[in-house]
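Given chain A, work out where chains B and C with the ligands should sit, using these hints.
Taken in order, these protein sequences are the chains called A, B and C. Residue numbers for the first sequence follow our numbering, beginning at 1 and rising by one. Residue numbers for the second sequence follow our numbering, beginning at 1 and rising by one. Residue numbers for the third sequence follow our numbering, beginning at 1 and rising by one.
Take the hints with a grain of salt, since some may be wrong.
[Claimed, not checked] Cβ-to-Cβ under 7 Å is the rule here; a few derived chain C residues that face chain B:
#: 1; residue: Arg54
#: 2; residue: Pro55
#: 3; residue: Ser62
#: 4; residue: Ile174
#: 5; residue: Ser183
#: 6; residue: Gly253
#: 7; residue: Trp284
#: 8; residue: Ala309
#: 9; residue: Ala312
Everything labelled a hint here was simulated from the structure, so no lab data went into it. Predicted model, so just to flag it, every value in this text is computed and none were measured. Idealized CB from N, CA, C, for every residue including glycine.
Spelled out from the first residue to the last, the chains are:
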Amino acid sequence: MLYRIERLLLDLACCAVIALGALITASVLLRVTLNSGIPDTIVMVRELMVVAIVLPLAAATTARAHIVVEFVSNRLPMRAQGMLVIFGGMFGLLALSPLLYAGWNETVHMITSGSYYFGQLNLPKWPGRVLFLIGMSFCWLRLLLLVIGDIRTLRAGGIPALSETTSSTFVEDEKDRA
Amino acid sequence: QTTLILGEAGPNRGARAVATQAFADDVTARTNGDLVIDIQWGGALFKADAALQGVSDGVADLGTIIGVYFPQEMIAYGIADLPLLNADAWVGMRATDELMRTDPIIAANLADQDLVYLGTFTTSAVNIGCKGAAIRTAEDVSGLKVRGVGAYGDVFRDLGANMVAMSIYDAYQGMDTGLLDCSQGYSYAVAALKQQEVMTSYTLMNWGQVGALGIFMNKYAYDALTPEQQTAMNDAGVGMADTLGELITADNDAAVQTMKDAGVEVIELDAAERDKLVERGAPYIDAWVEQATAAGLDGAGMLDSYRALLAKYTEERDAQGYPWTR
Amino acid sequence: MDGTLIGLCAFAAVIGLLALRVPIAFALAGIGTIGTFVIFATRTGAFTPDRAVRPTTSLVFSNSFDLIHSYDLSMIPLFIALGHIAYRADITTRIYDAARVWLAKVPGGVAMASVVGCGGFSAITGSSIACASTMGRICAPEMLRMGYDKGLATASVAAGGTLGSLIPPSVLFIIYGIFTETSISSLFLAGVLPGLLSLAGFLLAIYIWVKSKPSAAPAYQGEITMQDKLNAAIGAWPAVALFGLIVGGIYGGFFTATEAAAICVAAACVIGFAQRKLTWRDLWESLRETCIQTSSIFLIAAAAKIFVAFIALTGVASDIVASVSDAQLSPVLLLAAIAVIYLILGMFLDPIGIMVLTLPLMVPLVESYGFNLIWFGVVVVKLLEIGLITPPVGLNVFVISNVVGKAVPIDKIFAGIWRFLAIDVVVLILLMSFPIISLLIPNSL
Ligand code: NA
Ligand code: NA
Numbered sequence: 001m002l003y004r005i006e007r008l009l010l011d012l013a014c015c016a017v018i019a020l021g022a023l024i025t026a027s028v029l030l031r032v033t034l035n036s037g038i039p040d041t042i043v044m045v046r047e048l049m050v051v052a053i054v055l056p057l058a059a060a061t062t063a064r065a066h067i068v069v070e071f072v073s074n075r076l077p078m079r080a081q082g083m084l085v086i087f088g089g090m091f092g093l094l095a096l097s098p099l100l101y102a103g104w105n106e107t108v109h110m111i112t113s114g115s116y117y118f119g120q121l122n123l124p125k126w127p128g129r130v131l132f133l134i135g136m137s138f139c140w141l142r143l144l145l146l147v148i149g150d151i152r153t154l155r156a157g158g159i160p161a162l163s164e165t166t167s168s169t170f171v172e173d174e175k176d177r178a
Numbered sequence: 001q002t003t004l005i006l007g008e009a010g011p012n013r014g015a016r017a018v019a020t021q022a023f024a025d026d027v028t029a030r031t032n033g034d035l036v037i038d039i040q041w042g043g044a045l046f047k048a049d050a051a052l053q054g055v056s057d058g059v060a061d062l063g064t065i066i067g068v069y070f071p072q073e074m075i076a077y078g079i080a081d082l083p084l085l086n087a088d089a090w091v092g093m094r095a096t097d098e099l100m101r102t103d104p105i106i107a108a109n110l111a112d113q114d115l116v117y118l119g120t121f122t123t124s125a126v127n128i129g130c131k132g133a134a135i136r137t138a139e140d141v142s143g144l145k146v147r148g149v150g151a152y153g154d155v156f157r158d159l160g161a162n163m164v165a166m167s168i169y170d171a172y173q174g175m176d177t178g179l180l181d182c183s184q185g186y187s188y189a190v191a192a193l194k195q196q197e198v199m200t201s202y203t204l205m206n207w208g209q210v211g212a213l214g215i216f217m218n219k220y221a222y223d224a225l226t227p228e229q230q231t232a233m234n235d236a237g238v239g240m241a242d243t244l245g246e247l248i249t250a251d252n253d254a255a256v257q258t259m260k261d262a263g264v265e266v267i268e269l270d271a272a273e274r275d276k277l278v279e280r281g282a283p284y285i286d287a288w289v290e291q292a293t294a295a296g297l298d299g300a301g302m303l304d305s306y307r308a309l310l311a312k313y314t315e316e317r318d319a320q321g322y323p324w325t326r
Numbered sequence: 001m002d003g004t005l006i007g008l009c010a011f012a013a014v015i016g017l018l019a020l021r022v023p024i025a026f027a028l029a030g031i032g033t034i035g036t037f038v039i040f041a042t043r044t045g046a047f048t049p050d051r052a053v054r055p056t057t058s059l060v061f062s063n064s065f066d067l068i069h070s071y072d073l074s075m076i077p078l079f080i081a082l083g084h085i086a087y088r089a090d091i092t093t094r095i096y097d098a099a100r101v102w103l104a105k106v107p108g109g110v111a112m113a114s115v116v117g118c119g120g121f122s123a124i125t126g127s128s129i130a131c132a133s134t135m136g137r138i139c140a141p142e143m144l145r146m147g148y149d150k151g152l153a154t155a156s157v158a159a160g161g162t163l164g165s166l167i168p169p170s171v172l173f174i175i176y177g178i179f180t181e182t183s184i185s186s187l188f189l190a191g192v193l194p195g196l197l198s199l200a201g202f203l204l205a206i207y208i209w210v211k212s213k214p215s216a217a218p219a220y221q222g223e224i225t226m227q228d229k230l231n232a233a234i235g236a237w238p239a240v241a242l243f244g245l246i247v248g249g250i251y252g253g254f255f256t257a258t259e260a261a262a263i264c265v266a267a268a269c270v271i272g273f274a275q276r277k278l279t280w281r282d283l284w285e286s287l288r289e290t291c292i293q294t295s296s297i298f299l300i301a302a303a304a305k306i307f308v309a310f311i312a313l314t315g316v317a318s319d320i321v322a323s324v325s326d327a328q329l330s331p332v333l334l335l336a337a338i339a340v341i342y343l344i345l346g347m348f349l350d351p352i353g354i355m356v357l358t359l360p361l362m363v364p365l366v367e368s369y370g371f372n373l374i375w376f377g378v379v380v381v382k383l384l385e386i387g388l389i390t391p392p393v394g395l396n397v398f399v400i401s402n403v404v405g406k407a408v409p410i411d412k413i414f415a416g417i418w419r420f421l422a423i424d425v426v427v428l429i430l431l432m433s434f435p436i437i438s439l440l441i442p443n444s445l
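Chain A on its own, in the form it takes in the complex (with noise of 0.2 Å):
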């Protein structure tokens, strides 16, 4: 089910870079022919980079593409490596908790106080705020189920996964090729 919500809102993430790509060109585009524009292009491009960069974090974690600096590490058995990432999951816990916490607050006041953009649509700020929230708190969720799962794997004596490939497909690439 989790699975399924963070491809989601990675495909969500992919129609923002699509859309926000489109609104650059047109409003380019509008320029250069017709000597007209789009209101409020920059507004909704910054709020389109909120969509994505924030909501791929859970699909982030599940890949496992948080940069880890390991050349202290490696130098351990697998078993002590294995109690590292469940340590450094826990922590990233800790860290996110209060961005969390904050996002929380921040959209429930923007939400009330009715705070919107100077321009020419006055766009409400709440949105990118809303948006924030829930890519953060997807990413924390699929952080702790990790976690969950990577203390049982080391309990019944395995090793938790270190990372997996960050981009699968480089490697796709390479078999299709060899």
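Quick look at chains B and C with the ligands alone, frame taken from chain A:
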């Protein structure tokens, strides 16, 4: 001794930075060294579009808030950004300062957001510089690619300009490559950003200014001060308008000379043409009154008071000259 | 507790957590948040944690949200997407075929071509990260496929990416210009020769590497006819067209550098679909990879921004600058001290954060020694660029690591970086000793 933190999104250069530093020094002097203000420049603590929350939540005790980023929260302050006939930096600042300082409804509105008003700045008179074009009449902007800000930009659009969204820092390259025909700006900023190197004309519009930027304080931090310290802060805040007024007036005059020396044609917009611009700005003033009223403020009343204050300080300037020339 | 002490403890804690394999973003955000909380809780002298919650959460949120909520940075996901799309549309492979065929006899030719490509790309974008991510996506996988040493294939583009801010346009020069009230156009001009010098330095580093260890860059075996060369060159036209579109569009006044990213993605899609090399499925997969990469890079950058705000609160950066100022060093020692400060800060913080923290105090100090501010700007930007490839926090290295995934561990990239760092130090000493390298072009115009 108490150290207060002031968050400023801009650099520690230019007239506004000097005025900010002078304010901090003035506070320390007036409190005999009890209050020291540590200024964090360049948005190290929060950027301009997060300044209001930053001060209100106490990330910094004081901070520079720019009204245009918070049209809803800073609706009252937004009066200083309106395209009224208001081109004198010092007159604009003193009128804005008195309105913000004396209107109890504004103070209550700010207190609801855990903010206290301390003092105001201005970017000074809005003018327009162009490359390959020249603005001599209101209609001249029609069909040009223009970088504009706030309601002034809206008026240019209504007059048929094609608005290009771009920061003032990119305007140099924009005009250089032809992406931009004209850029709205302020004289001192033109010189600071060396735009005279690419401009061919600069029109002094004698129209209005963007004045809704100033220093606000976190209400809890303010309430924690002694009454004497609060008075010192407020008096230093009033003084900011005079400090910046002197600096910015001199900087602007020097900048116009720099432009002339660089061969830029400096045009004084005809008063009748300027009045057309003011007239075109009227709908945006009405829109502000409507929004202010909707927010529970006395929009029309505030506008009347503000106009009266502009008249009052214009008169004072005409009678006595600027404070620094008296 | 003393702010400077808290700041120094935080630096140590970050190193400790990174050694314990804590993801970089979590280490920076976590320590930044905890440190901020401690500062706000102890501000009044007594320990008042209840008063620290609101400002801490506000600082943490606004700094991370604002970094993401940016129009200018939309260039980064778009340029990353461009790399992926161009790769799947076979556009990048064919530039590499051309480079391989034409540079077959040059040892390490393709790595050199990558660095030159970085130089060219940096003439379009003002951001080192955008430069590294785009060129990394285009070059590194191709070099790995051709059997290049993993360290060489990745480190060369990570280093090449640092040209992004030295060769104009450059976000860092714009910020420096604003802080020092120096002419941004003069700064841009001043960056040209140092940028080219750095580029030449990187080429030399590759040359030395491959000369000392020829297996690092396997030479192309087999006959190459003139016909092969021509075919390869013609096949590379889409890449040339894209590059021409960007350069022509920006310098012809049709669009800004930020807009160029979007236009280029659109053009790459059009070329890919028209040549039937790109399918909708390819496009979607490219975007998914783009999003995952962008989000993990931005998470680090947002965490670094939180850490910068915390460091600003500690006052540690201004304390360091103040103590250098008090020491009344000779000009040479002052420059050496400045270099050390920027290199140490560069180990942990991002370039813009370092500028914002140090310039307000550094510039008056430098001015009091009578140094030329344009030249000093070039030195600072070069120092900050070096910081992008030094461990433990080297954003360009992370970007490349992100692109190549598990094919090359991050430590392997850092291991390859030292050769480029060594050259960078030489270039830096040249720039510091001979201000004329920076000032020749701006002074002669
Ligand atoms: Na560049
Ligand atoms: Na570094």
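Hints, verified against the model:
Annotation: interface hint on Arg54 (chain C) holds; nearest CB of chain B at approximately 5 Å, less than 7 Å. Residue-level restraint check for Pro55 (chain C) holds (minimum Cβ-Cβ distance to chain B is 4 Å; threshold 7 Å). Taking 7 Å as the C-beta contact cut-off toward chain B, the hint placing Ser62 (chain C) at the interface holds, the least distance being around 4 Å. Hint status for Ile174 (chain C): holds, given a least beta-carbon distance of 6 Å to chain B, under 7 Å.
The beta carbon of Ser183 (chain C) is positioned within 7 Å of a beta carbon in chain B (closest approach about 5 Å), and the interface hint is therefore held. A distance limit of 7 Å between C-beta atoms decides the matter here; for Gly253 (chain C) the minimum to chain B is near 3 Å, and the interface restraint holds. At about 30 Å, the closest approach between the beta carbon of Trp284 (chain C) and any beta carbon in chain B exceeds 7 Å, and the interface hint on this residue is violated. The beta carbon of Ala309 (chain C) comes within 5 Å of a beta carbon in chain B, closer than 7 Å, and the hint placing it at the interface holds.
Against a cut-off of 7 Å between C-beta atoms, the interface hint on Ala312 (chain C) holds, since the closest Cβ of chain B lies about 4 Å away.
The structure does not agree with numbered hint 7 stated previously, though it agrees with all others.
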